[in-house]
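With chain A's structure known, arrange chains B, C, D, E and F on it following the hints.
Protein chains in written order, with the working numbering: chain A, 1 to 149; chain B, 1 to 149; chain C, 1 to 149; chain D, 1 to 149; chain E, 1 to 149; chain F, 1 to 149.
It should be emphasised that the hints constitute simulated quantities derived from the structure, not laboratory data.
Copies of the same chain look alike in the list, so a pair counts if it works inside one copy or between any two.
Restricting the straight-line Cα-Cα distance to at most 25 Å, the calculated cross-link-like pairs of lysine-lysine (PhoX-like) are: (1) Lys92 with Lys109; (2) Lys16 with Lys109; (3) Lys55 with Lys92; (4) Lys113 with Lys92; (5) Lys92 with Lys50.
A quick note: this is a predicted structure, and the numbers were derived from the prediction, not measured.
There are 6 protein chains.
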Amino acid sequence: MYIRSIFFNDYIPESKRVTLGRTITETDFVVHAGHTGDFFPHHMDAEWCKTQPFKQRIAHGTMVFSIGIGLTASEINPEAMSRGYDRLRFIKPVFIGDTIHSEITISHKGESKTPGYGTVTEHVEIINQHGELVLVCDHLLLVKTGADQ
Amino acid sequence: MYIRSIFFNDYIPESKRVTLGRTITETDFVVHAGHTGDFFPHHMDAEWCKTQPFKQRIAHGTMVFSIGIGLTASEINPEAMSRGYDRLRFIKPVFIGDTIHSEITISHKGESKTPGYGTVTEHVEIINQHGELVLVCDHLLLVKTGADQ
Amino acid sequence: MYIRSIFFNDYIPESKRVTLGRTITETDFVVHAGHTGDFFPHHMDAEWCKTQPFKQRIAHGTMVFSIGIGLTASEINPEAMSRGYDRLRFIKPVFIGDTIHSEITISHKGESKTPGYGTVTEHVEIINQHGELVLVCDHLLLVKTGADQ
Amino acid sequence: MYIRSIFFNDYIPESKRVTLGRTITETDFVVHAGHTGDFFPHHMDAEWCKTQPFKQRIAHGTMVFSIGIGLTASEINPEAMSRGYDRLRFIKPVFIGDTIHSEITISHKGESKTPGYGTVTEHVEIINQHGELVLVCDHLLLVKTGADQ
Amino acid sequence: MYIRSIFFNDYIPESKRVTLGRTITETDFVVHAGHTGDFFPHHMDAEWCKTQPFKQRIAHGTMVFSIGIGLTASEINPEAMSRGYDRLRFIKPVFIGDTIHSEITISHKGESKTPGYGTVTEHVEIINQHGELVLVCDHLLLVKTGADQ
Amino acid sequence: MYIRSIFFNDYIPESKRVTLGRTITETDFVVHAGHTGDFFPHHMDAEWCKTQPFKQRIAHGTMVFSIGIGLTASEINPEAMSRGYDRLRFIKPVFIGDTIHSEITISHKGESKTPGYGTVTEHVEIINQHGELVLVCDHLLLVKTGADQ
Chain A
1 MYIRSIFFND YIPESKRVTL GRTITETDFV VHAGHTGDFF PHHMDAEWCK
51 TQPFKQRIAH GTMVFSIGIG LTASEINPEA MSRGYDRLRF IKPVFIGDTI
101 HSEITISHKG ESKTPGYGTV TEHVEIINQH GELVLVCDHL LLVKTGADQ
Chain B
1 MYIRSIFFND YIPESKRVTL GRTITETDFV VHAGHTGDFF PHHMDAEWCK
51 TQPFKQRIAH GTMVFSIGIG LTASEINPEA MSRGYDRLRF IKPVFIGDTI
101 HSEITISHKG ESKTPGYGTV TEHVEIINQH GELVLVCDHL LLVKTGADQ
Chain C
1 MYIRSIFFND YIPESKRVTL GRTITETDFV VHAGHTGDFF PHHMDAEWCK
51 TQPFKQRIAH GTMVFSIGIG LTASEINPEA MSRGYDRLRF IKPVFIGDTI
101 HSEITISHKG ESKTPGYGTV TEHVEIINQH GELVLVCDHL LLVKTGADQ
Chain D
1 MYIRSIFFND YIPESKRVTL GRTITETDFV VHAGHTGDFF PHHMDAEWCK
51 TQPFKQRIAH GTMVFSIGIG LTASEINPEA MSRGYDRLRF IKPVFIGDTI
101 HSEITISHKG ESKTPGYGTV TEHVEIINQH GELVLVCDHL LLVKTGADQ
Chain E
1 MYIRSIFFND YIPESKRVTL GRTITETDFV VHAGHTGDFF PHHMDAEWCK
51 TQPFKQRIAH GTMVFSIGIG LTASEINPEA MSRGYDRLRF IKPVFIGDTI
101 HSEITISHKG ESKTPGYGTV TEHVEIINQH GELVLVCDHL LLVKTGADQ
Chain F
1 MYIRSIFFND YIPESKRVTL GRTITETDFV VHAGHTGDFF PHHMDAEWCK
51 TQPFKQRIAH GTMVFSIGIG LTASEINPEA MSRGYDRLRF IKPVFIGDTI
101 HSEITISHKG ESKTPGYGTV TEHVEIINQH GELVLVCDHL LLVKTGADQ
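Isolated chain A, as found in the complex (with noise of 0.2 Å):
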């Protein structure tokens, strides 16, 4: 993990970043329903997903949401800070044993109201072993437009 400076002017728009894959395992259901308590059959009964459409566990959307964000964070830039996220969509579900990446698109740059900053808006794709979209956000960030602090 490293610590880079990137300024408003130093985004591109459209340019885009693929970050590394990880295989979500039985283990990460188990993990985020005890970290968040949201122990819904979807998620921890086998027996009971057998008798539904998608007839086996699927991940809690937090979860893939969390862990698809986690693999963006590489790198600080100290001069971004996160003002939340819109338009996130589950698209597909993942199963136990898929892998996933996440694709960061440049997709819009803006004037803000904090003056000495403007608005980036990364477009987030999470993506499976099978190249399907299974989950997409966009992540809004305040960003300096200078060193001069």
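Using the frame of chain A, we list chains B, C, D, E and F on its own:
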């Protein structure tokens, strides 16, 4: 945890439910870092944090979201599907030792393109022990209009 | 999870509630060993277990008990206190991949030496996906007789 | 950890062994909640606990039992089988930072219906750093009478 | 676990002890990654590993070392202090499902610069279920020569 | 995390890199004990530690090593293989709340018996918030001399 069918017409606009509270511990910080791979010093390096404006470690945004949503997972509605989230915003930092709970208000009901379903929006507010809003988002549900599936 | 007051007179003898199910994973075995410090080969050494009558790793008794009781923790009754357990018996082994749920029957009500309280016994049965009883115990509760605390 | 055969006749009534100690941490509280799914505010909500008689979070009964029994798991006796527990009682609450150890006394030996086996009862006391008894139970063992298996 | 004093003269050159075995699970891989922050694809990305010579995920070297040494922690000798390790070598990869144990041989005794102490070297071999050596190291101890502390 | 090829000739003797810091928490102590099975009172029993020279719980040596090495795992070099470690020494204890980081210096380059490879030694120093060295070791790498694999 219970399973109880709630259909589209059963959702009452502006009705609200409030969850139990949960104290966010240093353990949760460490578990979330290990679960997601995000070991940014904002969450993990108490010495570095002393040099920053907030003076102490702050919770991962994805953790406050995941635990805050997890607190709402007390009742399973088999008639509803989660489509995703909109307008997720990090309002205030959460520190080690803070206690959060969630308040969920039915904020919108609408038509769906999927026949036999309507859309319901739950406005979720995650609130700390001082009554301060720390995270807000809109949870988008697709809900069956009747039992005749 | 809800908080709901249930007083001594509200407990109906022979009434029964059934919990959701949960699949016991290899992760649970590893977590329980690490949580308790019990790394006996019966739970942790798949090779050694192949030489034993049960041929595979078996769950810690304390884990089946803790998770089976945890499954019942869906509703908080502030009028009841847990005094302990009687007649806890391990009936059958639980293996990795088994799915258990709990069934709780109000099996006895009696007088208490503590004024203003009665005793209630919940008979707890933990049952696997084949409908076999794997663990049984009696949970002893002390319950307020009225709201005039 | 060792494997050492101890037969029925080797158990000496009233003999006692004492385990090492272990400090019960906030981490243990969080791990046990996540492991069992029991997120009751008694264990997890420090703010709510301030309004209760005990003023702070108290350990899950199943955790004190599981860890207290885990402390005894220092030596494997392949000639003994655990049948279960009797008279398990929660005597005093365990708080974050308390240090517990277990003391095990051979309290009873008897005949078994299973030929070639006898019954042995271990009386287990779990004791905190003030010398106070916090949990007590009787562990029921079925032990081989001789090596001629 | 026991506490037993073993002084310098009590260590018998070439004497050997063998630990219990433990199956290394996918859970251990996930826990170690989360514990150390090392999410290299060699340990975490099953799809990428299929393209590599070893075809599957391999254990972190630090995990095989930590668990292999942990297996030796069955008896506490208050007269010995660990100074460190020499010649730690990763000989063969450990895969999910492998079962390892450790064999410890007293390989060297010598004089110490610290008065009242001698040096003892434990040669540690970590061995898998096929009898193959997977990791080897020398554990350096400083041991009191007598009880006159 | 990135993948970047660094060949034998690219390693510059005496060049140094410094990792981010990480605060070692009580959670890490509990996780490491549970991960390795080492529940020695030096790490787990705060009351007993009060009677010892260091007065408080001290970190497992294997944990300081594993986390300190984990901190260096920020960049993957597919041209290098880890052979093991030499001269691993525990210099000072690490306590709960200490913050450590690692400093890695290329301390030696040499010929290898394996054709097409050279040996590189990374001298690793793990340092606490007071600037004190707590653990030191030499990491032995086998590195390709060129891209013609």
